[in-house]
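Student: The chain contents come next:
There are 2 protein chains.
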Amino acid sequence: MRLSRLHPRYESLRIRDKLVKGFKEGIVVEHGLLAHGRGEAFDYLLGERTQDFALEAIKASVASLLLSNYPLISVNGNFAALCSRDIVRLSKLIKAKIEVNLFHRTLEREKKIEALLIKQGAKEVLGVGERAKAKIEGIASKRAKVDPEGILKANTILLALEDGDRTEALRKLGKRIIAIDINPLSRTAKMANITIVDNCVRALPLMVKQAKVMKTFDKGELREILKNFNNEKNLSRALKFISFRLRNLERDSWIA
Amino acid sequence: MRLSRLHPRYESLRIRDKLVKGFKEGIVVEHGLLAHGRGEAFDYLLGERTQDFALEAIKASVASLLLSNYPLISVNGNFAALCSRDIVRLSKLIKAKIEVNLFHRTLEREKKIEALLIKQGAKEVLGVGERAKAKIEGIASKRAKVDPEGILKANTILLALEDGDRTEALRKLGKRIIAIDINPLSRTAKMANITIVDNCVRALPLMVKQAKVMKTFDKGELREILKNFNNEKNLSRALKFISFRLRNLERDSWIA
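Going line by line, the protein sequences match chains A and B. First residue of the first sequence: 1, per the numbering used here; consecutive thereafter. First residue of the second sequence: 1, per the numbering used here; consecutive thereafter.
Since the hints were made in silico from the structure, they are not lab data. A couple of the hints might just be wrong.
Copies of the same chain look alike in the list, so a pair counts if it fits in one copy or across any two.
[As the list claims (entries may be wrong)] Simulated crosslink set (SDA-like; lysine to any residue; CA at most 25 Å straight-line):
hint	residue 1	residue 2
1	18	140
2	233	104
3	219	48
4	233	244
5	172	67
Could you put the whole structure together from the sequences, leaning on the hints where they help?
Tutor: So this is what it looks like as structure tokens:
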């Protein structure tokens, strides 16, 4: 069934198809499809657009990543399936490492995601197979595994669609966390130093765009941007926006 | 990984596991997992409880089904995976037919769902294979197929997790639609005569409970219950509830 561009939810359905494709290729797992569905509901509530509070968080995030001397992008299945090209682009602009970090870890999936990122131009992908030989405290089972040259060493970590307990564990290790999370109520959203309340499909290209501009800024300017950003206030704006929109949505239609 | 009952989202994760099981058994499709995820987000916003507006809609629904001389329960993959036992129980109490009606129709899935319902005690399941030889207007492809002895003939249809265009087509045929839809903004929610804004996993057992009591009522009492119910107002209450909750959720936690 070919999807018409005129369909009121064309963009959302196109993203969903990308994810189902990732599922069929073994990059995304069942629980990733469910999580994406939850994200779709929040994206609808956000109006399926990057709102001003998200753009401010994006600018602060890029400033923070450019100021870091060991930035890293943590990549899971859904993030890879949706954003591999921009993950690689951004990593080059901000000189960040890339690490594969899966909730449901199998060597096969790690390798598939590595291959996808390398196809998009990544020089090196951390966290695959034997490389993930360190562990982070407070996390059960295989999910604790990280690369000693990657997450364990990094000081600023960009992650997307991450579960709350891992975000919490990383914060306890003293990492600076930048999270792309479309649910402003999630534990990850609340735990992160900077939370970008947006769909990663829209946020990543904007981060790439900002990074191109902001990498010419001097450190003083970057620090100023960061200083003026308040994550708690930003999250509160996102919640107010959604709540306001809900009260005004009765006339709209949602195609279930 | 065994799930602890103490986990703050135990119930939600237990339901999700049931659905993933249905997926592995071929009853649920990929898009069903995504749709469920979207539902999870709304259920969280509803507080994962049956709210008073939902209970009122449940009572009106049972009254309407008991008053109908040809009631039917339409069953898709997610509904079957989550509620087969109570679908059969309710069908017996209200003397309703059961019809399998899939968005992504294959004979194999129809038969699996039929087998599941029969295992739960259903005497007859309509809409399987050759039986679904009628078509409803305004719906493309296989999704138009219905049973001439089922949906085509029924005057009151209970459905859950249904897509908007099919609900619309059924309304155009003059059917009375009772929808269980956790998203009060969906087209199905707006199109239905009675919308139960709740998780079907909670709503169905409550419908069974109400049907046991209400089947002793006389027609006058049932008509009175129905007359006092206003679907538009009920949906509006659901929206107000969610919007209010969102503004008060900042202190809660959502485990992503």
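Student: Determine for every hint whether it applies to the structure shown.
Tutor: Structure-based check of each hint:
no., hint, result
1, 18 - 140, "between (30 Å within a copy, 23 Å between copies)"
2, 233 - 104, "neither (33 Å within a copy, 44 Å between copies)"
3, 219 - 48, "neither (33 Å within a copy, 47 Å between copies)"
4, 233 - 244, "both (16 Å within a copy, 19 Å between copies)"
5, 172 - 67, "within (21 Å within a copy, 60 Å between copies)"
Of the numbered hints listed earlier, those contradicted by the structure are 2, 3.
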